[in-house]
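**Student:** Residue numbers (this note's numbering), protein chains in the order written: chain A, 9 to 418; chain B, 61 to 606; chain C, 210 to 359.
None of these hints come from the bench; they were simulated from the model.
Just so it is clear, CB atoms sit at the ideal spot from N, CA and C, and this is done for glycine as well.
Any given hint could turn out to be false.
The following label-pair restraints were derived from C-beta to C-beta distances [stated by the list, open to error]:
id : chain 1 : residue 1 : chain 2 : residue 2 : range
1  : B       : 275       : C       : 287       : 18 to 28 angstroms
2  : A       : 24        : B       : 536       : 28 to 38 angstroms
3  : A       : 24        : B       : 559       : 22 to 32 angstroms
4  : A       : 131       : B       : 584       : 54 to 64 angstroms
5  : C       : 281       : A       : 24        : 34 to 44 angstroms
6  : B       : 543       : C       : 337       : 49 to 59 angstroms
7  : B       : 213       : C       : 287       : 50 to 60 angstroms
8  : C       : 271       : A       : 72        : 27 to 37 angstroms
9  : A       : 39        : B       : 551       : 52 to 62 angstroms
Each chain, written out:
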Amino acid sequence: MKLSRVLYAQHIGFMFKKHWLIQGKRVPIDTGLEQYLKDKGIQVEDALDFIKEPEVHERVDIIGPYERALPLDENHPNYKERPCYTLTNMNVLLEGISQAQVLTKTVIAEDKLPLRIEELAQLPAPKAVHEGVKKAILSANVFDCEQKKLPKIKDPERPAYNFTRILGITDRRRNQILTNKLMQLIEKSSDVDVTQSKYVLNDIECRTVFDKENELIQFKDVSNILVTSNKPLKHEIDDRDIPFIEIPDLYPIKHTVTLPKQHFYDEVSKYPISSNMLSKHPHTTWLHYNATEVKNLYEEPVTPIQVLGRSLTHTFTIASSFAKQLYGEDIKDLPEPVYVNCIQTDGQRYHFGVLELNTLNVSGTDGTKNVWFCKNDVKLYDSSRYLGGMPALENYNPAVYGYINAFYNC
Amino acid sequence: MLSIRGQRVFTKAKQLTLRRYAQVALTGENEYTETPNYPQIQDMALQARKLRKRQAVYEKIKKIDTIEEKQIALNMPRYYGWPCIMLSDDRFPYSAMPLVQFYTRTHFKSIETLPTAYSETSELADSIVNEIKSQVEDCIVMENISIRRSDDDQLEESQKEDNVAKNIVRQINRIITNNAADKVPHILPSQVDYDPRHEAFWFMGGSNVPDNVVNWRKQYAPLKDRLYEPIDRPVQYKGTPFLTVRNHLPLKPFVPYSEATNPEFKVEKFSYFPESVGYTVEFRHGTNIPGFWPGDLDEFGLLSFHGRGHILNRKESYGLQDNLEALHCQAMVASFGWLLAQANYQGFTSYNDITYPLSTQTVITNGHFISLYAYQLNTITMNIDMIDKNMKHNICFGTAPMKLFETIENSQVKGLNQDVLKMLVQFYLNTPEAREHEMKPYLGKDIQVIADIEDDNRRCWLEDRYKHLVSNRPKHNLLPEVYLWEKIYKIKHKTRFFEAKRRPFELGVNPYKRRLDEHLPPYIPKALRPYPKARKKFETTYYPEV
Amino acid sequence: MSTRWYPIYQRGNPQLRIFLPNFWMKLVHTPLRQQPNIVHFQCSMEMTKHDIKNYLEKIYKVPVVEVRTKISLGKFRKDIGKGYVVKDDDIKTAFVTLPKTTTFEFPNIFEKKKGDVEDDLKSLEETKKTFKQYIERNRDRSDIPSWFSI
Chain A
9 MKLSRVLYAQ
19 HIGFMFKKHW
29 LIQGKRVPID
39 TGLEQYLKDK
49 GIQVEDALDF
59 IKEPEVHERV
69 DIIGPYERAL
79 PLDENHPNYK
89 ERPCYTLTNM
99 NVLLEGISQA
109 QVLTKTVIAE
119 DKLPLRIEEL
129 AQLPAPKAVH
139 EGVKKAILSA
149 NVFDCEQKKL
159 PKIKDPERPA
169 YNFTRILGIT
179 DRRRNQILTN
189 KLMQLIEKSS
199 DVDVTQSKYV
209 LNDIECRTVF
219 DKENELIQFK
229 DVSNILVTSN
239 KPLKHEIDDR
249 DIPFIEIPDL
259 YPIKHTVTLP
269 KQHFYDEVSK
279 YPISSNMLSK
289 HPHTTWLHYN
299 ATEVKNLYEE
309 PVTPIQVLGR
319 SLTHTFTIAS
329 SFAKQLYGED
339 IKDLPEPVYV
349 NCIQTDGQRY
359 HFGVLELNTL
369 NVSGTDGTKN
379 VWFCKNDVKL
389 YDSSRYLGGM
399 PALENYNPAV
409 YGYINAFYNC
Chain B
61 MLSIRGQRVF
71 TKAKQLTLRR
81 YAQVALTGEN
91 EYTETPNYPQ
101 IQDMALQARK
111 LRKRQAVYEK
121 IKKIDTIEEK
131 QIALNMPRYY
141 GWPCIMLSDD
151 RFPYSAMPLV
161 QFYTRTHFKS
171 IETLPTAYSE
181 TSELADSIVN
191 EIKSQVEDCI
201 VMENISIRRS
211 DDDQLEESQK
221 EDNVAKNIVR
231 QINRIITNNA
241 ADKVPHILPS
251 QVDYDPRHEA
261 FWFMGGSNVP
271 DNVVNWRKQY
281 APLKDRLYEP
291 IDRPVQYKGT
301 PFLTVRNHLP
311 LKPFVPYSEA
321 TNPEFKVEKF
331 SYFPESVGYT
341 VEFRHGTNIP
351 GFWPGDLDEF
361 GLLSFHGRGH
371 ILNRKESYGL
381 QDNLEALHCQ
391 AMVASFGWLL
401 AQANYQGFTS
411 YNDITYPLST
421 QTVITNGHFI
431 SLYAYQLNTI
441 TMNIDMIDKN
451 MKHNICFGTA
461 PMKLFETIEN
471 SQVKGLNQDV
481 LKMLVQFYLN
491 TPEAREHEMK
501 PYLGKDIQVI
511 ADIEDDNRRC
521 WLEDRYKHLV
531 SNRPKHNLLP
541 EVYLWEKIYK
551 IKHKTRFFEA
561 KRRPFELGVN
571 PYKRRLDEHL
581 PPYIPKALRP
591 YPKARKKFET
601 TYYPEV
Chain C
210 MSTRWYPIYQ
220 RGNPQLRIFL
230 PNFWMKLVHT
240 PLRQQPNIVH
250 FQCSMEMTKH
260 DIKNYLEKIY
270 KVPVVEVRTK
280 ISLGKFRKDI
290 GKGYVVKDDD
300 IKTAFVTLPK
310 TTTFEFPNIF
320 EKKKGDVEDD
330 LKSLEETKKT
340 FKQYIERNRD
350 RSDIPSWFSI
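Using the sequences and the hints given, assemble the complete structure.
**Tutor:** Structure (structure tokens):
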């Protein structure tokens with residue numbers, strides 16, 4: 009401000025500013041009262057001692073329209089002393105696939121799928137089917153009419169800048185549409201005998217609870233599409249020449265890291281289909297990776313390794329809960345291995361896996377182990393969106409459909 | 061002031077000279093004819109002039125090339141959106157049938173068996189039913205008993221019922237399509253959508269003039285004789301079916317198009333206020349969305365499944381008969397809404413009637429009871445100019461709810477109703493066919509959606525504007541409002557006459573009459589303007605001219 | 210419970226202890242352009258939809274399908290003489306839907322019978338005549354009140 013500028017004598021803004029300045033530095037005036045009272049022999053107590061004490065409100069029971077839920081604390085009747093380390097489909101393991109290996113006692117055969125799947129995947133699909141896949145990709149990414157808020161856009165250069173929030177198709181909806189349409193397409197182009205022996209379920213929850221080195225662990229997972237079949241899935245595997253990745257040593261990290269403890273849980277595993285049904289055998293499970301929903305416990309972005317770990321824990325959840333329903337809760341080494349296929353996708357990338365569940369005794373690293381065959385990171389397309397106002401699909405990869413079809417038909 | 065006057069005089073003079081020039085040019089041709097050739101005499105009465113003005117707008121909308129621009133054009137007159145009567149597929153007030161019938165212009169015909177058009181697929185359907193019977197039984201048992209889903213106690217009864225129904229519908233759809241895919245060719249290329257977004261918007265004439273409009277007209281002396289002049293009421297339908305099937309070819313009509321004007325199908329006029337029936341009004345931009353954006357080739361619906369959980373939310377005092385009517389209403393509104401949106405994607409609007417019939421099939425179910433409806437759309441213009449002249453009516457054939465099965469005992473389905481299953485299969489077997497006439501007469505030849513537009517700027521701008529418009533996103537600024545204190549002290553009682561008059565109601569402006577394009581376009585900062593010198597301060601807008 | 214005042218009971222008085230709710234409903238004219246099975250009431254502000262339904266069903270045996278209520282703002286008017294703006298009380302209106310087969314017509318309580326109009330006219334004439342007579346009689350004593358007579 010120029011020194012020569014004349015201030016108005018009365019300026020409401022300045023007045024307020026000054027007022028705050030003055031009022032902000034108020035000093036209590038010593039009236040001499042304290043000294044006076046002391047002289048008289050009366051004890052003076054600091055007023056702040058009384059103010060600081062928080063007021064404790066007693067809980068009042070009100071007769072309302074419904075009974076209030078009890079607070080989830082130690083006094084709750086369902087509270088269990090023993091904590092249970094819980095992994096859900098919204099959470100990921102810190103070390104990803106290696107931690108999953110330790111938790112499930114699994115060795116990995118990287119880039120190796122059962123031979124029959126590889127054979128089936130090479131079969132060429134008719135052109136009409138590939139057109140259908142392209143349609144499905146477009147309708148999931150471009151033509152669906154959902155307009156919901158997408159995650160905030162952040163520019164690392166200027167993190168405080170607020171960009172316009174874009175409305176569009178959420179990743180949850182996109183994955184739902186794409187996977188379901190692919191599923192429908194495969195079923196429509198398969199033989200009636202094959203489809204008749206299968207059953208397709210959406211959004212179904214499995215739970216498995218197990219002990220590992222005297223710690224209780226539970227996996228709760230939602231299978232976005234679960235294909236079940238009349239007969240148990242079998243794979244013929246010749247595992248002599250396969251270079252397995254052995255179970256790693258995680259030291260200094262403990263295998264339960266980033267699994268939050270829970271005191272409210274069910275000690276029994278749950279497989280959603282009751283045992284008297286014919287088509288109860290899990291065949292293929294589809295797992296969606298929705299970037300907006302799956303989070304690390306401590307806010308770091310989810311890494312690709314962690315995403316791969318999800319596949320293994322998810323498949324293990326389904327296979328083990330089914331095995332427990334089949335052979336009882338306390339079964340250790342299975343008389344016959346349980347096989348479950350798994351496809352994890354974020355719409356664009358596909359991670360294929362087959363789990364051979366041999367044992368539910370996951371303590372230690374010796375003895376029988378489970379086996380995880382996988383083929384990761386296959387792209388179905390490079391990008392699909394409105395590009396300059398025009399729907400676009402770039403670099404469609406027809407090989408992926410072959411694998412999905414092989415997983416369904418094997 | 062003076063300069064403006066001067067300009068006006070000048071423009072008038074220019075017109076005069078132009079006209080004279082035109083006359084001079086005409087003399088070269090044969091000006092005289094054998095019989096005097098007079099221009100048509102136009103009715104210069106006020107109503108006739110108004111009508112001509114409206115018709116000019118309809119004509120302009122008809123001439124617009126692309127689907128999206130037509131949708132923007134429908135919304136052009138209102139910046140803040142239309143006060144729409146909201147119809148939905150999951151809430152029906154008591155005795156809604158007369159209103160729904162009139163607002164969708166639908167004649168309802170109760171049937172026991174499917175219309176004759178379905179008879180040719182009867183045998184095939186029988187064989188399919190025999191094949192899938194056991195599968196359907198299994199799926200009913202599976203979904204009702206054998207699957208333990210994580211149950212949420214927070215859900216209402218109706219939501220729970222809808223969830224069960226949704227799962228059963230998906231299974232039945234899976235079973236039938238898988239089986240029929242080999243037998244009929246149209247199943248494989250059809251697309252199945254889960255929970256699509258269906259919206260439709262149209263103008264409805266023929267209802268009474270609301271009191272607020274009459275009161276507003278009473279303020280102005282010239283409107284004294286026109287207090288009860290009819291107005292269009294915008295209507296918006298919003299719905300979410302469980303599942304829809306669509307194809308790139310339309311279904312055949314159930315009755316010939318000439319039947320549409322049959323006086324038998326006439327619907328009784330319902331001129332009472334929809335608010336008094338129990339419908340509400342919401343300010344929003346009109347949207348027509350049949351579950352996909354323009355550009356998807358599978359643009360004709362074959363079949364849609366809806367839930368009936370809302371029946372559980374209705375009061376007991378409504379009675380069973382009204383619940384049944386509510387189901388019929390749901391079918392009519394949902395079918396009309398979906399077909400209207402599809403018709404909009406063919407280039408027709410609420411102002412420009414369809415030139416051929418469209419049809420769809422609707423199923424309403426809760427997993428146990430199923431009611432089937434076949435709907436034929438013959439007309440979509442119901443605005444004030446057409447409501448009385450338009451003789452066409454839509455037709456809906458519908459059955460009462462039928463049991464898919466009797467009970468489930470010991471994990472076995474007892475009494476599966478094969479007739480219902482057969483009808484359902486016949487719905488799937490109803491083959492869409494290519495039509496011989498032109499499908500999109502009011503769209504451009506080469507440019508039908510904005511993705512076809514050559515000009516990059518225009519295409520991107522229109523795409524953004526269209527998506528923004530149909531999202532009905534809340535505005536950043538608050539809507540204009542007359543505060544209560546203003547109403548009391550400024551409008552009702554003029555106690556503040558000495559204050560400067562700045563508010564819209566003091567200036568005689570209705571802020572809700574603002575047009576969509578009455579806003580400042582985005583500013584171009586100086587640094588971004590093209591070099592060397594560009595005077596253009598604001599970006600170009602590409603609103604359709606209506 | 211009623212908030213009405215009753216006289217304090219004295220021995221020997223009749224016992225006036227009737228505890229009725231303060232519920233009242235007033236049937237009002239429906240606008241002409243309204244479905245015939247909808248009836249408008251104005252009612253006491255404390256009444257809920259359930260109260261209104263029960264009131265009509267239990268006391269008057271009227272079949273009620275649905276009740277919708279609305280509280281409308283009271284009118285603002287200028288106080289006569291004083292000039293400031295005052296507000297009247299708010300009004301609770303109940304829209305009662307009857308079964309769709311029934312129709313309701315607002316009763317015309319003060320119906321004019323045949324001959325009533327003539328009677329009214331006759332009495333009006335009579336009054337006019339007496340007034341004229343009175344004026345005639347008192348023509349020469351215009352500033353004296355009417356009761357001042359012999």
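**Student:** For a quick check of understanding: which of the numbered hints are violated here, in increasing order?
**Tutor:** none
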